[in-house]
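All chains, please: the whole structure from these sequences, using the hints.
Chains as they are written, first to last, in the working numbering: chain W, 917 to 1666; chain L, 4 to 114; chain G, 70 to 180.
Since the hints were made in silico from the structure, they are not lab data.
Quick caveat: nothing in here was measured; it's all calculated off a predicted structure.
Careful, some of the hints might be misleading.
Derived DMTMM-like pairs (lysine to aspartate or glutamate); straight-line CA-CA distance at most 20 Å [said to hold, decoys possible]:
hint	chain 1	residue 1	chain 2	residue 2
1	G	K144	L	E33
2	G	K174	L	D67
3	L	K52	G	E164
4	L	K103	G	E110
5	L	K52	G	D131
6	L	K53	G	E110
7	G	K144	W	E1188
8	L	K105	G	D134
9	L	K53	G	D134
10	G	K144	W	E927
11	W	K1597	G	E110
12	G	K144	W	E1661
13	G	K144	L	D67
14	G	K144	L	E23
15	G	K144	W	E935
16	W	K1148	G	E110
17	L	K105	G	E110
18	L	K103	G	D119
19	W	K1578	L	D35
20	W	K1597	L	D67
21	W	K1623	W	E1566
22	L	K103	G	D134
23	L	K105	G	D119
24	G	K174	W	E927
25	W	K970	G	D134
In silico negatives: residues of chain W with every beta carbon more than 10 Å from chain G [claimed, not checked]:
hint	residue
26	G973
27	N1435
28	E1517
Looking from chain G toward chain W, a few residues come up when the C-beta cut is under 8 Å (computed) [stated by the list, open to error]:
hint	residue
29	F97
30	V108
31	P113
32	D119
33	Q153
34	A154
35	T158
Cβ atoms here follow ideal geometry from the backbone N, Cα and C, with glycine treated the same way.
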Amino acid sequence: MTEKREYVLIEHEKPWTYEEDGLKVARGSAWTGPGCHIGCGVLLYTDENGRLVKVEGDPENPFNEGRLCIRCLALPEVTHSTKRLTYPMKRDKALRGKNQFERISWDEALDTIEAKLKEIAEQYGPESVLFMQGTGRDIAAWISRLAWSYGSPNYGFPLSGLACYLPRVSGMYSTTGSFWVCDCSQQFPDRYDNPEYQDPEVMILWGNNPLISNSDGFFGHWVVDLMRRGMKTIVCDPRMTWLGARAEIVLPVRPGTDAALALGMLNVIIGEDLYDHEFVELWCYGFDELAERAKEYPVDKVAEICWVDADRIRTAARLFANAERACVQWGVAVDMTREALPAGQAISALTQITGNIDRPGGMIIPPELIFYGGGFGADLLTPEQTNKRLGMNQYPLLKFGFATFQPDVALRAMETGDPYEIRGLWLQTTNTIACMGADPKRWLAAAKKADFIVCTDLFMTPTIMALADYVLPAATYPERDGLRIGDGPQRGETINKVVQVGECKSDMEINLELGRRLNPEAWPWQDVKEMFTSMIAETGYDFDGLRAVAPAYPRYIYRKHEKGLLRRDGSPGFNTATGRIELWATVYANAGLDPLPYFEEPEPGPGSTPELLDEYPLVLTTGARNWGMFHSEHRNIPRLRSLRPDPLIEVHPDAAEKFGLKDGDWVWVENQLDRAKRRVKLWPALLDARFCSTDHAWWFPEADPEKLYEVFDLNINNNVTWTPGKSGFGSNYKCMLVKLSKVEEGETHD
Amino acid sequence: MAEYGILVDYEWCSGCHSCEVACQMEHGFEPDHFGIKIAELGPWQIAGKKWQHANIPLFSEQCDLCAARTTQGKLPTCVHHCQAACLSYGTLDALAAQLKEKPQQALVALR
Amino acid sequence: MTDTYGILIDYHWCTGCHSCEIACQMEFGFAIGQGGIKVFEIGPWQIEGDTWQFDFAPVLTDQCDGCANRALAGKQPTCVHHCQARCMTYGPLSELAIALADHRKQQLYSL
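Laid out in structure tokens, this is it:
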């Protein structure tokens, strides 16, 4: 009998499911699909026909307190969309790209996939199958277990430089032994009222508009809650946003220069002696070396690099350092620059040398029920197979923490067969050629070389149309049971099945069923509920028990480093080689990398290739989210699409005048690599007329399937190369030089 | 604290833009700056012959409720020039009483 | 006589997230683009220096019935319930009128 961990529970007025006005209501978590990074508490309303008719925010759930974004509010129209994939399909390999799928049974699909995967393993070794996922869906644990139990070490994301959160998370683990998020009281069920909690006085919003992106377990509107309670903000963004308009100070940083900005702020904080001496003395390693490095970044030089006024940088640094409690809420812009690791390191150092570490209103270590980042079942791989993971030799940092392949190395293996041929692709919830893949035509050509490709998703996508030999229909969250584990503070929460659509199965059900066929010992469970129960064994709850009481909050303790709660040996300090927060990183030094943060100009860029500025005068940032869409999803949901019918590029009126463009014009956004179509939105809120900004992951579900839904006309990643940073982390997705020209009538990409 | 505001009876706002231009002229705003801005509420067909087709003025950060005019005993210029006479200026207390009297009104606290 | 109810919107804090609009559309099955509440953008424009006009303001339309059925069940109107910035309050007009007087850039609607 496992001892029950100590949980703090909330009181529920009603059981987890009940009747209301002839409808059945079920309480639960909203964690995916469709994609989402958070997982709010929801009430799902179903009618007598078993249809989901309404989703409401659960006022009892402390995470969102009844609030909800429009993607969950409109969920019934996603779950019951007539466009859903609702049964398995196959297509002859020779017909890839043709809209000629044939309906098959689950038995036929799983029988064939099992046989084919076993055949590949036998003939070429299981490492020749790559298992890939997209972002934001509850999938990492299950797909990684599927890969590893099959014998392939190659599980990962088809994203150059793993440039989404992993650089920051790996960086934090490497230098502190933990990972860190802003303290918005999200770890407490009584939230802002918790007696131990104090609001941050200052929050930096760095490369992140959390209100829309809701990234990494962070409910964006907590920022608004805190601002209304008096918190001040510093916003680092090349655009004036709604948050910027309410900020104490805005730093309109040139995309890709975030590391320089952070080093400039460190220079001020150290130079003006604004850092926390006691914390640095007791808990940090390598401060003098960091101080030396920061001296290389005087504010005037940084101002020139970042295109930000020097006094603005000084003011921001002082405001942050002088705050009693301060934190940094950051976003993917930090990762989507080639030297992402040192950028994250420099930004983290701001919170570290000011002592805003594991204390109220600072940066906290989110409680974890299950170590989600590490995958599920790495012990299933033999050391021999583990050593075949693509990229591990080139990038030693990959040996620590995240057990994914390095995607740029994986792409080269797909193309060249070096170090071995790639025979099979398992693509589960990744629309690679519309979304995270850089240079998508290159990736597609490489993927086509595989003999066998299986795709699993909610809807038909350009990637499935281009590649799939077998298609498996996945479930939205009201169609499945699950555990809400993932980014940010984990709570004991369940996702609860209330409807069935067609023959769809949940991602984890698919993985369990296939896993049991490939390696029964690794998947000893009869069904997913049994699997979940075994995963949460140490909580003392089974799945049904947790569902009844959820959300269950692990008891939170501040200042764990002082109490010996972070290290395996129980001594005070942090879980690093030196027991301290490493401003000078031992792990980086051992991997042959610079142990201190630094800045490198993005290339191409105004600083590295000024000769290109005549032809490509604008600095483009990409990936700004909009309210109704999650990455490449929701383009086929009319209610949400109506809020953003077309892909837009925000252009400053002065730049538009120079290029002879007006609002609503279709333009080619072109760089030295390729081009993509966008519609001009004149936007005075770009803080430099040389900046422009566009959203990403566009395709037109209404367009011709055999033209791949015009994805190559629309994908802004046409303009991005597969070129990772020195550590294997980071890639320039969000900083490029471009020009704009009108699209001629009827003109397409090719 | 706020003491004064404007009661908008948007059942009658015709969208004539007099309030916008009066405000710009009063304050010397550029053409793209507004203390008051008309939003179009519709048009869309609700059911049968009934349409949602209204206009409503919204107030920006730049609205100071015509402090200079009101100290001289004048009305805010938007209220003064509203062709449909659908704007009322007064204390929030007095306007709150009027708000109850009919639907399609919004009371905005502005000073 | 029972007090009239209303909705108070502190539009300085409206982030423009559209949750009120979509919640309303889903509650009543309204067509895309229609609904009892509509969010408008006021800005962005640069007033001067670091000061920008950048607000959103939700406005109630003829299709709003104040979520009468929800009120009977003791629930908040769905727009208020789902407002992510929590800038909307539902209650008796007399109470909301007091809150309205707290600061500017608030709109009070009678239901």
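Right, here's what the structure says about each hint:
1. K144/G / E33/L: violated (45 Å)
2. K174/G / D67/L: holds (11 Å)
3. K52/L / E164/G: Roughly 37 Å separates the two Cα atoms, so the pair is violated.
4. K103/L / E110/G: violated (27 Å)
5. K52/L / D131/G: It holds: about 14 Å lies between the C-alpha atoms, which stays within 20 Å.
6. K53/L / E110/G: violated (26 Å)
7. K144/G / E1188/W: Measuring from Cα to Cα gives roughly 54 Å; hence the hint is violated.
8. K105/L / D134/G: holds (14 Å)
9. K53/L / D134/G: holds (15 Å)
10. K144/G / E927/W: holds (19 Å)
11. K1597/W / E110/G: The hint holds at about 15 Å.
12. K144/G / E1661/W: violated (53 Å)
13. K144/G / D67/L: Measuring from Cα to Cα gives roughly 37 Å; hence the hint is violated.
14. K144/G / E23/L: violated (38 Å)
15. K144/G / E935/W: holds (16 Å)
16. K1148/W / E110/G: violated (24 Å)
17. K105/L / E110/G: violated (26 Å)
18. K103/L / D119/G: With Cα atoms ~39 Å apart, K103/L and D119/G exceed 20 Å; violated.
19. K1578/W / D35/L: Given pair K1578/W, D35/L holds - Cα atoms ~16 Å apart, limit 20 Å.
20. K1597/W / D67/L: violated (30 Å)
21. K1623/W / E1566/W: Distance ~27 Å between K1623/W and E1566/W Cα, so the pair is violated.
22. K103/L / D134/G: holds (15 Å)
23. K105/L / D119/G: violated (40 Å)
24. K174/G / E927/W: Violated. K174/G to E927/W sits at ~37 Å, over the 20 Å cutoff.
25. K970/W / D134/G: The given pair, whose Cα atoms are some 19 Å apart, holds under the 20 Å limit.
26. G973: violated (6 Å)
27. N1435: At roughly 43 Å from the nearest Cβ of chain G, N1435/W sits farther out than 10 Å, so the non-interface label holds.
28. E1517: holds (28 Å)
29. F97: Violated - the Cβ of F97/G stays beyond 8 Å from chain W, reaching only about 11 Å at its closest.
30. V108: With Cβ-Cβ at 10 Å, over 8 Å, it is violated.
31. P113: With Cβ-Cβ at 4 Å, under 8 Å, it holds.
32. D119: Cβ of D119/G sits 7 Å from chain W, so the hint holds.
33. Q153: At about 4 Å, which falls below the 8 Å cut-off, the nearest Cβ of chain W leaves the hint on Q153/G intact, so it holds.
34. A154: holds (5 Å)
35. T158: violated (13 Å)
The structure shown violates the earlier hints numbered 1, 3, 4, 6, 7, 12, 13, 14, 16, 17, 18, 20, 21, 23, 24, 26, 29, 30, 35.
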